[in-house]
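Participant: One letter stands for each residue in the lines below.
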Amino acid sequence: MRRVAAFYQSTVGKKVAMALTGFILVGFVIGHMLGNLKAFQGAEKFNHYAEGLRELGAPFFGHEQFLWLFRIALIVSVGVHVLAATQLTLRAWRARPAKYHMAPHLELSYASRTMRWGGVIIATYVVYHLMHFTFGNAHPDFIPGDAYHNLVVGFQSPWVVAVYLVAVAMLTLHLYHGIWSALQTLGASHPTYNRWRRGVAAALALAVMAGFAAVPLSVFAGIIR
Amino acid sequence: MELRAKVPSGPIQEKWDKHRFEMKLVNPANKRKYEIIIVGTGLAGASAAATLGELGYRVKVFTYHDSARRAHSIAAQGGINAAKNYQNDGDSVYRLFYDTVKGGDFRAREANVYRLAQISLNIIDQCVAQGVPFAREYGGLLANRSFGGAQVSRTFYARGQTGQQLLLGAYQALARQVAEGTVTLYPRTEMLDVIVIDGQARGIVVRDLVTGTISAHMAQAVALGTGGYSNAFFLSTNAKACNATAIWRAYRRGAGFANPCFTQIHPTCIPQAGDYQSKLTLMSESLRNDGRIWVPVRAGDTRQANAIPEGERDYYLERIYPSFGNLTPRDVASRRAKEMVDKDQGVGPARNGVYLDFRDAIQRLGRQTIAERYGNLFDMYLQITGENPYDVPMRIYPAPHYTMGGLWVDYNLMSTLPGLFVIGEANFSDHGANRLGASALMQGLADGYFILPSTIGDYLAQTKFAAVPEDHAVGRGAVAEAEARTRRLLGINGSRTVDAFHRELGTLLWEFCGMERTADGLHHALREIPRIREAFWADVRVPGDGQDLNQELEKAGRVADFLEFAEVMCLDALQRDESCGGHFREEHQTPDGEARRDDEQFAHAAVWEYTGDDHPPKRHVEPLTFEYVHLAQRSYK
Amino acid sequence: MNLTLHVWRQSGAAAAGRFERYEARDVSEHMSFLEMLDVVNEGLIEAGKEPIAFEHDCREGICGSCGMVINGRPHGPVPRVTACQLHMRTFKDGDQIWIEPWRARGFPVLKDLVVDRSAFDRVIQAGGYVSVRTGAAPDANAVPIPKRDAERAMDAAACIGCGACVAACPNGSAMLFTAAKVAHLGALPQGQPERYSRVRHMLAQHDDEGFGSCTNHGNCEAACPKGISIDWIAQLNRDAIRAALGKATEYAGVGGGGA
Ligand SMILES: Cc1cc2nc3c(=O)[nH]c(=O)nc-3n(C[C@H](O)[C@H](O)[C@H](O)COP(=O)(O)OP(=O)(O)OC[C@H]3O[C@@H](n4cnc5c(N)ncnc54)[C@H](O)[C@@H]3O)c2cc1C
Ligand code: HEM
Ligand code: HEM
Ligand code: SF4
Ligand code: F3S
Ligand code: FES
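Protein chains in written order, with this note's numbering: chain A, 783 to 1007; chain B, 40 to 676; chain C, 3 to 261.
Next up, chain A with everything else stripped away, as it sits in the complex (with noise of 0.2 Å):
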């Protein structure tokens, strides 16, 4: 333990916690994307899902216990990533004073560029969706329990929509990056599947993408009602 905390002052200690924070709450999303897709299969398929969450590990655990569970887990990943993005942000701020007067971005790819704002985002809009989704008080009529419901009226203003859309572009950059940043940072590093490791952080990035996109605009454009 002392030895991982030691690990954890140095820079690329910090980094690996963010890797694998980073991989926690892809999984969340990946998996939260699929859920939300069973919005298309209608109301109380859905529901009965959003309800499903809550018994999850039933019987050994009561109502919501396991999602708590859950919650927390992904509450401190959050943190720790957070708060390690942070702090290597100002250090870097610190490393590299001074601009040049040009400076084209060689390898800068836009996604490595905006990790940092991106996040913030990402950030912010996470706390608005759980007012919105969870509970409910920057929602125009929220019914607690009947998630469809929520999900079909939150979506019918086109602005709530646009934030969603631009909430999702920001997450979608920064998987794309992240992913495979991650393994890079975990040294998941070969010369035989390196080639692949872009590939495969776009790939999962889009489908996150289109995943997350479909149900507002599917919402919006009266697919689901």
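Think of the hints as simulated: they come from the structure by calculation, not from any bench.
Honestly, I wouldn't trust all of these hints.
Stated by the list, open to error - Straight-line distance between alpha carbons at most 30 Å, and here's what the computed DSS-like set of lysine-lysine pairs gives:
| # | chain 1 | residue 1 | chain 2 | residue 2 |
| --- | --- | --- | --- | --- |
| 1 | B | K45 | B | K72 |
| 2 | C | K149 | C | K249 |
| 3 | C | K149 | A | K881 |
| 4 | B | K70 | B | K141 |
| 5 | A | K881 | C | K51 |
| 6 | B | K279 | C | K51 |
| 7 | B | K279 | C | K94 |
Fit chains B and C with the ligands to the given chain A structure using the hints.
Facilitator: Relative to chain A, chains B and C with the ligands alone:
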């Protein structure tokens, strides 16, 4: 000045072992009491400092570079020799010894050369253990190439970056000692003088190149590994900063300077493109293994290379030296090239080069193979000239490359100034009048890793040292002198730049003390040099002040020393009234234009002693006897 | 050709710097970039001004001394070429050229284009070596090394310590330089005994020098004149993780062992 070589008695094969046994040892407990100053972090300096640190001495290392890793050794491309005989092609310590003495045209000390050949074996072991990534065969064993016309494959290499990898090995060993606290590094610090107290070298005067502060450092012994002086010619293959200041200042304090006229001109360099040219780039000698050298038969032929039909090409080396062809030794190949250019058979825009043609090799072996062998060199050539050697022949011309001359040292690598040791290219080396390819790296590391660390201990163990404080009067005096000189350089405020003077000197030396020398030419040079020197001190402009990083000031000091040194170089060339190796006196050649030695009169090292600014230096000689390699005319026909 | 140079001038570490404008007249396309600066400097000196200070030595792309950011690119526009090997034929008449020093907290400016890169030396001193005493070596062929490993080691060892990677990295990270040395020694049997303690100590020093962290931007590789690959950074990360998981800790003993 007496020249006692201190060569141990006994058969040559046993001299070094015998000597190592006879040398006094410093009691391990006392080693920490001794301070040693090393100037230079090239192969010689870095390896010596690292090893002495390991032994427990307190070592201070100085270099004008920003990092110890940048020494000029880093630029060595071709490789390093060792008599390992891994190829089982008949190599042996004795053969390496023999080849080196013969290659040096019988102007080296046999005992030193034999020791060098012996130690070459340990060097490779040492470097591999440090993690130097030498080229390997598929079986995992070390690969070798034959180099510089040697008949055996004894050259170890790391792609085209052998010097870099060897230096990084030594640099890392040095870094380890710095971490251990046995060695203190002083980068960006230039040595300006040697401090001599009661006839012993006891310290140096240095200038901090960032703050400009000039100060003294004291020790029990000083070793110079400060490299060669090819830059006296201004244009050479050496790094821009290479200079003679350290050894020249030591000479002025009483160290004898041996064979200053022994300079090596490397045959395969990229010809000068314009008068703005700042240095010349070496194209590794290995290119001569596959490239064919030629010029147009007709003088003044301005056609493009590929437009010149086979019949009108003169592959002159193959014609004159049927058996060695394009692999004739450096000095011979260089002179022939000059001859062609002088006869107006030169090629290229300035008609100042000869062709090194790979057409046939590419046809024979295929572009692929050639790319594997020389890819990085071809790219470098393309980068510099804009011409692609795969399509048009390379243009090459000789350039100053290495200096065999240097401070005279005895068998223990100590100069005529007690306590001042000299290692690597800076000493008058084991290469006689001409160095074979891939043997300078070997010598630098032999001196630094294996010879100096034991001989310096012998000196320390045998010598009584008076205590000298860091602010000893003599030291303060030397510091004051250096400060005065710096102020003087800054004060002239004339109209011409340092480089302008350096270029003028270089052109003069290249013309009259370069590849071919004549009595008349040398007399002329000896008249000109003082003139340039006076002009320099009257009219040079060194901007800025001495209080901070001032690169012009650094250059000025070095060029000022070159302007003094050049005179001794020409004097030596004049007095050595024979031809040998790199020193070619037109008056002394065989009917077919080979160097003709005069062993009756000149089988010796000429050692110059400083006798004051207004007296000519005094010439002494160390006679050389050849008991094992019998004196013979070199012939590469 | 004629060029307009905008060169960063800074009299000392403490002083504030600014761009100065210089006209470089009839520059030959065969000149190297540094030779072009030489000519400009001669002009400045003759005009009684202070020449532009820039680091250089071998001018063959191997010593790693030279280094300046030319139009935003460390070592200039041509990939895999050092500033000293860059030739003027890559520019055209009338070009505006902006020349700046490496900019990173780990590399304080000393004067004009000259920066202090001693942090690199300290990173190596922290463990970038094999601990072998002179004379303690076995025969060079005693341990065969697969050609593949030797080549890998050489690829990483080709680093010239110029610092362009740091200059190019948006985070001012020296991870490529550090990784190159870790990978060079890590690829060879001689480097194994200290492999994990080495990576841990070199990383600690890297961080102490104030370099930023690597977020895998890949700019360093693009700017590196020797094309050192960021795959080595992945390898460094892997070794660092292994080190943290215990590979680098001393053997504490399991009891017994006598005495
Ligand atoms: C382009 C080129 C290619 C070569 N290729 C080969 C090859 O393939 N094989 C081979 O065997 N040889 C080769 N050589 C020759 C060989 O590289 C050198 O002879 C050898 O490296 C010299 O090493 P050194 O340690 O004696 O001096 P250097 O490596 O020149 O080191 C000199 C050191 O002294 C320091 N120094 C000098 N003066 C002062 C001062 N006044 N104050 C403070 N510090 C000072 C410098 O900073 C530097 O650290 C080549 C040479 C050149 C130019
Ligand atoms: C759904 C949410 C998120 C997911 C799935 C996610 C995933 C990832 C992954 C996998 C990485 C790669 C880590 C590495 O390179 O080793 C990463 C990096 C990063 N994340 Fe996130 N992240 C999320 C949210 C956030 C948030 C909220 C922030 C904070 C503001 C953030 C900031 C960053 C930053 C700055 C990086 C780049 C640092 C680096 O590459 O090392 N991320 N993210
Ligand atoms: C764009 C399409 C999305 C839709 C339609 C959507 C829908 C929902 C719904 C309906 C809930 C409530 C589930 C419930 O309370 O039963 C929810 C919860 C949540 N969503 Fe989303 N979401 C989307 C995108 C995202 C994204 C991109 C993220 C994160 C980066 C995210 C993170 C969360 C979180 C953290 C919760 C809380 C889960 C919990 O209750 O523990 N969502 N989402
Ligand atoms: S990794 Fe490349 S850019 Fe960085 S120091 Fe080494 S050679 Fe220079
Ligand atoms: S650019 Fe910087 S972020 Fe990492 S990959 Fe290179 S060090
Ligand atoms: S000057 Fe040596 S690398 Fe550029």
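Participant: Indicate, hint by hint, whether the structure satisfies it.
Facilitator: We went through each hint and held it up to the structure:
1. Distance hint between K45/B and K72/B is fulfilled; the C-alpha atoms sit about 27 Å from each other, no more than 30 Å.
2. Proposed proximity of K149/C and K249/C is supported: the alpha carbons are some 27 Å apart, at most 30 Å.
3. A C-alpha spacing of about 43 Å is found between K149/C and K881/A, which places the hinted pair above 30 Å, so the restraint is violated.
4. Distance check on the hinted pair: K70/B and K141/B sit about 40 Å apart at the alpha-carbon level, beyond 30 Å; violated.
5. Of the supplied pair hints, the one linking K881/A and K51/C holds, its CA atoms being roughly 27 Å apart against a limit of 30 Å.
6. Distance check on the hinted pair: K279/B and K51/C sit about 22 Å apart at the alpha-carbon level, within 30 Å; holds.
7. As the CA atoms of K279/B and K94/C are separated by approximately 27 Å, the hinted pair is consistent with the 30 Å bound.
When held up to the earlier numbered hints, the structure conflicts with 3 and 4 and fits the remainder.
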